[in-house]
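Chemist: Protein chains in written order, with our numbering: chain A, 1 to 120; chain B, 121 to 830.
What the hints contain is simulated information worked out from the structure, not anything from laboratory work. Glycine included, C-beta positions come from ideal geometry on N, C-alpha and C. You may find that some hints are simply not true.
Partner residues are not named here, just some residues of chain A that face chain B (Cβ under 7 Å, in silico) [unchecked claim]:
{"id": "1", "residue": "E5"}
{"id": "2", "residue": "L15"}
{"id": "3", "residue": "I23"}
{"id": "4", "residue": "G31"}
{"id": "5", "residue": "P49"}
{"id": "6", "residue": "I60"}
The lines below spell out each chain.
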Amino acid sequence: MLLAELGPGQKFRVLRVTFGGEIGKRLADLGFISGAEGHVVRAALFHGPMQIRLADYDLIMRRHEAKLVEIELLPQPVPVSEPASEAHTVIDIRPNAIGMRPKGMRHLNRGFHHGRFGRP
Amino acid sequence: MQEKRALTIALAGNPNSGKTSIFNAITGAHHKVGNYPGVTVEKREGTLEYHGWRIHVVDLPGTYSLTAYSLDEVVARDFVLNEKPDIIVDVLDSSNLERNLYLLLQLIELGLPVVAALNMADEAAAKGILIDDKTLSRTLGVPMIPTIGSRGQGVTELLDAVIETFETHKMPRMPSYGEDIEAHIAALVRLLEQDEAFAAAYSPRWIAIKLIEKDPDARRRIEQHVRAAEIHTALEAAWHWITLHYGKDAEIILSEQRYGYIHGAVAEAVHRKRLRGISLTEQLDRFVMHPLVGLPLFFFVIWGIFKLTFVLGEYPVAWLEQLFGSLEGLVQNSVLPGAVRDLLINGIIHGVGGVLSFVPLIVILFFCISILEDTGYIARAAFLTDHFLHAIGLHGQSFMPLMLGFGCSVPAIMATRTLKSPKERIATILAIPFISCGGKLPIYVLLAGAFFARNASTVVMVMYASGVVLSVLSTFFLRRTVLKGQSMPFVMELPPYRMPTLKGVLWHVWEKTWSYARKAGTIILAVSVLMWLITSYPKARGIQEYEIHARQSVAAAQPGLSETAISARAEVLVRQYQLEHSIAGQFGKIIEPVIAPIGFDWKVGVALIPGLAAKELVVSTLGVLYGAPVDENSESLSLRQSLREAPDWSPRIALALMVFILVMPPCFASLATIRAEAGDKWLAFQVVYSLVLAWVISFLVSIFGQAFGM
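Bound conformation, chain A alone:
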């Protein structure tokens, strides 16, 4: 699967950059290396550029370049052992907030990227 096929909110792990040379080297330099994880934050209108969060930082790229990155889709409800780098992720640690909600809902909040359904 290619990075360009993803939509907002989807998490991925980089398998490899399929193209060497200038573009491939630039992508690798910027951190698109095997095993790197990230997610698509948003996309511009009409299949325009994508905003990707890769490890600690955000970058924007055209679909054309995103087609060069082969990825595997990570399951939507993110595993608990996600990298601690996700400084922006909403994690509600209030006991009642966790306890009162059905399991599936909790995942929604995080899967759909920073609680688009409202802050907990």
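Following the hints, position chain B against chain A.
Modeler: Here is chain B on its own, set in the frame of chain A:
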């Protein structure tokens, strides 16, 4: 002790790492801006005295890596390789450490002592990232100094570390690529070291790594090596082994190995706390980058900048005009001889005034742009508009310069500096002159008003729209011919929003203004003087007799006129007579055969010449040629009358002339700016291209006009 010891620092770092603020904090006010030799990449350098040291700081372009693919990266590494600074200081964005350490590893490989600044320490802390700088420093063998560049914190500690590193010759630890790749590197190094001159010039290890990374520049360099053939064989073996073993291209594997090394170093030294809540950046971006809200917001921002620049800018421009007006009066009433007075007023004062009249616009515009740049908005605007602009061969960052072109091409062309991709930048620069600037409006108003009285505003609007269409078509065409080629990969960092510092913004404004004055200002002044020269020399023979004759005929034609009215009308005739006999007048007659097919006579030819100096001058030159009174307020009105009554004019000619002026090369100030930003080659191209295009399009307009009986 008294003798100053000298030391040169090269300041490196990622874009958005706060490198500029560190540079400003180190050098203070003592710095200058130039260019790296032979390229348009800006070079900033400064010197400071510190504890008996004279430290020279050179700011390298901000880069993520040191490949040979981007001009900035080539400039940065060539400077280090050729100039061999004493120390490299790498500014790291602590909040984004791993990607920043990637550049640090490559700097270490260049084989010079390195000191690192852990900049934006405050931002990292806010993100919950705690860095143990001692451990990190020990692991990498590079001194790590926490700094906050925007507040100048940690700068003295940084300088102390630089001096200590210099005195102790402390070398960083070379990053390892793992046993197998290291064996291939070692084999290449052994071969490279056999050419002593070569090994003295470049660090063999660095060349070996770059060769494995398929760096085209490194491969060119080893052509001169005495063992070039054996090196090629060893290199092929290394590539073959890596591809076989890892199943990927060698250049990708080396990047991955570097990141692997970094992960190892960071695992020990960096601790992260999970933070609650959504960052402010993310909250803002939900609006700013929203698919539907973002674009209107962006248009509003552009509109605001436009208004601020060209409406607010009018006041200082008016003050400058007043100042130069009174200066003019002073010279006019002085005792200087006539010709000198004339040169001072019409050549120099008008020229300097012309140069300075752009300064308020540039100051305001770059004040706004550098705020947008420093906050991180420019990258977001590129995200929103890239899709549409990419379709015609431009870049998301082309949008703002093009919009500014409606005001004035000079600051618009300068605003293309935010574009990093050379081809798209040139394409944007060449597209801007077709956008009707403020200077073209008076011509449209005059001609449309004179010949299309009922539909004047529609005609003016059509001219503006044609300019936009032409600029799109032209770009589309150029990007498929002379500017052919893949656009640069659009992969940009999206930095978090940051508060710009007033000092940083003011520096930026000063640099831009000064570079305009230095690069474009001098040419504009020179050309103004030249324009004055060719419109007022050679002095027409028998001009005194002509003046007497003119007065007599005016008085005879309209008896009962006051003495001042007669003088005024006679002066118009004299000016007309003088212009006709000047170099410009002669030139107009020479080019008449060329422009005759369009339907233009020599007078139009003459009017177009000062049009090169400034489009507004076309109107006043036509005024002189068609004998309109010199009074500036009524000029346009009575000129309309004169043009309508002139036998050789018709709506068709007026339309063709408007089109010609829309397409023809922009004013000299813009041409000087194009030269400063894009070089002589593109200046020449722009002039020839737009002249030919102007002729062809206005010729077609004229023919169609004739067919429709205009």
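Chemist: Hints numbered earlier in the text: which of these fail when held up against the supplied structure?
Modeler: Violated: hints 1 and 2.
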